[in-house]
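Heads up: the sequence lines are chains A and B, in that order. Heads up, the first sequence is in the working numbering, so the first residue is 1 and it goes up one at a time. Heads up, the second sequence is in the working numbering, so the first residue is 323 and it goes up one at a time.
These are calculated hints, taken from the structure and not from any lab test. Backbone N, C-alpha and C define an ideal beta-carbon position, used for all residues, glycine too. Some clues are possibly wrong.
Just some of the chain A residues that point at chain B, by a computed CB distance under 8 Å [what the hints assert, rightly or not]:
1. N84
2. R108
3. Y193
4. Q285
5. I291
Below, simulated SDA-like cross-link-like pairs (lysine to any residue); rule was C-alpha separation at most 20 Å, straight line [claimed, not checked]:
6. B:K458 x A:P281
7. B:K436 x A:A146
8. A:K80 x B:T354
9. B:K436 x A:N319
10. A:K80 x B:I502
11. B:K532 x A:G269
12. A:K80 x B:G355
13. B:K436 x A:D298
14. A:K80 x B:T358
15. A:K182 x B:M353
16. B:K436 x A:V278
17. A:K80 x B:N470
18. B:K436 x A:V144
19. A:K182 x B:D500
20. B:K436 x A:P276
21. B:K436 x A:K80
22. B:K436 x A:G269
23. A:K80 x B:Q351
24. B:K458 x A:D279
25. B:K436 x A:K120
26. B:K436 x A:Q285
27. B:K436 x A:T299
28. B:K436 x A:W283
29. B:K466 x A:G269
30. B:K436 x A:S284
31. A:K80 x B:D500
32. A:K182 x B:S498
33. B:K436 x A:R289
34. B:K436 x A:H286
35. B:K436 x A:K182
36. A:K80 x B:P361
37. B:K397 x A:E267
38. B:K436 x A:R296
39. B:K466 x A:D81
40. B:K436 x A:R266
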Amino acid sequence: MDNSLKSVTPRSSEITPEATYFSRRDFLKTLGIASASAILAACAPQGNKSLSATETNRGVTAPNESGLVDELGNPANSFKDITNYNNYYEFTTDKEGVAAQSVNFKTRPWTIEVGGLVNKPGTYGIDDLLKFEQKERIYRLRCVEAWSMVIPWKGFQLGDLLRKVEPQASAKYVAFTTLFDKKQFPSQGSPFYPWPYTEGLRLDEAMHRLTILATGLYGKELPNQNGAPLRLVVPWKYGFKSIKAIVKIDLVDQVPSTLWNTISAREYGFYSNVNPNVDHPRWSQHSERRIGEFSRRDTLMFNGYESEVASLYSGMDLNANY
Amino acid sequence: MANRRTRITSTQALIHFFGWLPFVVTLIQVMTGNMTANPIQAVEQRFGRVAIYFLIASLACTPIVTLTGWREPIKRRRALGLYAFMYAALHFTVFVGIDYGFDLQQVARLTTEKPFILLGMTAGVILLALAITSFKWWMRQMGKGWQNLHRTIYLGGVIVVIHYALARKANISTVSGDIIQPLVIGFLLFTLLILRIPAIRRLASNFRQKVNASRMFYSR
């Protein structure tokens, strides 16, 4: 189902995320043999495609320390930057402080309740979910605050999980909830936010093959500050849509309420697709600063995933459905 | 006489120390690569915050005299205000020159389209005007107008707090989101402005005199 993307032309095969990821050759070199077998097993089917994409990428950018690049040739940000500059308000609003504050966060045991309008609701242990085919995806992450990173995630397609629980015909949206635990998340005692963090997607967005539940990055287990043990990653939407430390996934028939939308509906729309032409009411979304770069760069429509996801919104007024 | 003019009080030394400290620390952090993964934004925001702190400190001088009778702050008000201007100017310079790489067209567009930027610019213009006219010569030249001009700093303070709140992922109207710091600064500013209302000011200084009188009575 998710492979029948009409927008994928031969040329854009170079920009499919699978293809990217498969700068995996370099990846293995850097990470060594330890994680090699798992990754090879996961990526076996598209071997040839990936090789040519890697070669293309290598031609256009200077390799960074890891050698990983996204499908547009942008080098991945360093592990240090990705794990020390985090928006995770449950811990602190200080991006540099999240790493230290999340050190003792408990990610085992951890269960995720999947229910709502489904035929086979169930409670999954995090280790059950690791049995879904784990893929490597190098995605751009564009924060609504106008900075961005390139992150080599590891995870599985949300669609794989949703298909397993069999959404009913009446299910139209997917609602996500973060763990609510004031002992572990000190800021959840703050009265200024409608905790716990909640997010939502339309069902077709959730089923899209770019939408993943991440369980790791840089081939390692997901660090606590990045949303361990399980977080959503929707690369064409602003970063706050990619909810962290998920404990509950519900299929529903109404637009679910989300934390930032509750705080300010005019500023953080339900869709929140990256769109340089629709400004945040208070600041511009026209350009962004890629972490590690000096000059700003233009923000790309749907964060550069337009050919993959624009069809989800055909006929919709993106100014009204921001 | 000359001797008295060059003597530096400890309060003065403290102000100049804290005046340059954020600048020097930031410079060192940037040069050693310890200014977060997003150094341009971090520097920009820190200079803005420091400007606010000095602005609040300068606005606290008169109320401190009212409440304590200690008169030195009045003499240090200008230095505090000038440091507020210095950090506001640095904040502006980083925003225009480094963040936006002197893309003046873009900056002009932002200023006209985004109230948040317009408010910042307005406060900057007020601080600039006050900094230029902060010298005795101007005070003499302008007479009564000088005091009126320098009273615009109350407006500047209010604008700056709104600018600060608008820069964060917060909602002012529902008081939710990342709003604690602007709320604290806003409360401080509110208190400092309230203490300038003549009736309240008289009440506060009467109260102080009574406290002092009773203290003198008991210490005898």
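Quick rundown of the hints versus the structure:
1. Hint on A:N84 holds. Least Cβ distance to chain B is approximately 6 Å, under the 8 Å limit.
2. A cut of 8 Å between beta carbons decides the hint on A:R108: the least distance to chain B is about 29 Å, and the hint is violated.
3. Taking 8 Å as the C-beta contact cut-off toward chain B, the hint placing A:Y193 at the interface holds, the least distance being around 7 Å.
4. For A:Q285, the shortest C-beta to C-beta distance to chain B is roughly 11 Å, which exceeds 8 Å, and the interface hint is violated.
5. Taking 8 Å as the C-beta cut-off, the interface hint given for A:I291 holds, the closest approach to chain B being about 5 Å.
6. A hinted pair counts as satisfied when its Cα atoms are at most 20 Å apart, and B:K458 with A:P281 does not qualify at roughly 43 Å.
7. Under the criterion of a C-alpha separation no larger than 20 Å, the hint pairing B:K436 with A:A146 is consistent with the structure, at around 15 Å.
8. The hinted pair formed by A:K80 and B:T354 meets the criterion: a straight-line CA distance of about 16 Å does not exceed 20 Å.
9. Restraint check for B:K436 and A:N319: satisfied, since their Cα atoms lie roughly 17 Å apart, inside the 20 Å limit.
10. Taken as a hint, the A:K80 and B:I502 pair is broken in the structure, with Cα atoms around 29 Å apart against an allowance of 20 Å.
11. A distance of roughly 57 Å separates the Cα atoms of B:K532 and A:G269; the hinted pair therefore is violated under the 20 Å criterion.
12. For the hint pairing A:K80 with B:G355, the CA-to-CA distance comes to about 13 Å; that is within 20 Å, so the pair holds.
13. For the given pair, B:K436 sits about 18 Å from A:D298 by alpha-carbon distance, which is consistent with the 20 Å threshold.
14. Only pairs whose Cα atoms come within 20 Å are accepted, and A:K80 paired with B:T358 is accepted, the gap being roughly 11 Å.
15. A threshold of 20 Å between alpha carbons decides the hint, and for A:K182 with B:M353 the separation of about 38 Å lies outside it, so the pair is violated.
16. Distance hint between B:K436 and A:V278 is fulfilled; the C-alpha atoms sit about 13 Å from each other, no more than 20 Å.
17. Proximity of A:K80 to B:N470 is assessed by CA-CA distance (about 52 Å); at most 20 Å being required, the pair is judged violated.
18. Distance restraint check for B:K436 and A:V144: the Cα-Cα separation of roughly 16 Å lies within the 20 Å cut-off, and the hinted pair is therefore satisfied.
19. With a CA separation close to 18 Å, the supplied pair A:K182 and B:D500 stays within the 20 Å bound.
20. Taking the CA atoms of B:K436 and A:P276, the gap is about 15 Å. The hint holds against a cut of 20 Å.
21. A hinted pair counts as satisfied when its Cα atoms are at most 20 Å apart, and B:K436 with A:K80 does not qualify at roughly 34 Å.
22. Simply put, B:K436 and A:G269 have alpha-carbon atoms about 19 Å apart, close enough for the 20 Å limit, and the pair holds.
23. Restraint check for A:K80 and B:Q351: the C-alpha separation of about 17 Å stays at or below 20 Å, so the hint holds.
24. Of the supplied pair hints, the one linking B:K458 and A:D279 is violated, its CA atoms being roughly 46 Å apart against a limit of 20 Å.
25. The suggested pairing of B:K436 with A:K120 is violated, with an alpha-carbon distance near 49 Å, which exceeds 20 Å.
26. Between B:K436 and A:Q285 the alpha-carbon distance is near 12 Å, which keeps this suggested pair within the 20 Å criterion.
27. A distance of roughly 18 Å separates the Cα atoms of B:K436 and A:T299; the hinted pair therefore holds under the 20 Å criterion.
28. For the proposed pair B:K436 and A:W283, the alpha carbon gap of about 6 Å is at most 20 Å, so the pair holds.
29. Distance hint between B:K466 and A:G269 is unfulfilled; the C-alpha atoms sit about 51 Å from each other, more than 20 Å.
30. The suggested pairing of B:K436 with A:S284 holds, with an alpha-carbon distance near 8 Å, which does not exceed 20 Å.
31. For the proposed pair A:K80 and B:D500, the alpha carbon gap of about 25 Å is over 20 Å, so the pair is violated.
32. At most 20 Å may separate the alpha-carbon atoms for a hinted pair to count; A:K182 and B:S498 meet this at roughly 18 Å.
33. About 19 Å separates the Cα atoms of B:K436 and A:R289, which keeps this hinted pair within 20 Å; it holds.
34. At roughly 13 Å between alpha-carbon atoms, B:K436 and A:H286 fall within 20 Å of each other, so this suggested pair holds.
35. As the CA atoms of B:K436 and A:K182 are separated by approximately 37 Å, the hinted pair breaks the 20 Å bound.
36. Restraint check for A:K80 and B:P361: satisfied, since their Cα atoms lie roughly 14 Å apart, inside the 20 Å limit.
37. The suggested pairing of B:K397 with A:E267 is violated, with an alpha-carbon distance near 45 Å, which exceeds 20 Å.
38. With a C-alpha separation of about 18 Å, the suggested pairing of B:K436 with A:R296 holds against the 20 Å cut-off.
39. In summary, the hint linking B:K466 to A:D81 is not supported, as the alpha carbons are separated by about 55 Å, beyond the 20 Å threshold.
40. This hinted pair checks out: B:K436 and A:R266 have alpha carbons roughly 15 Å apart, not beyond 20 Å.
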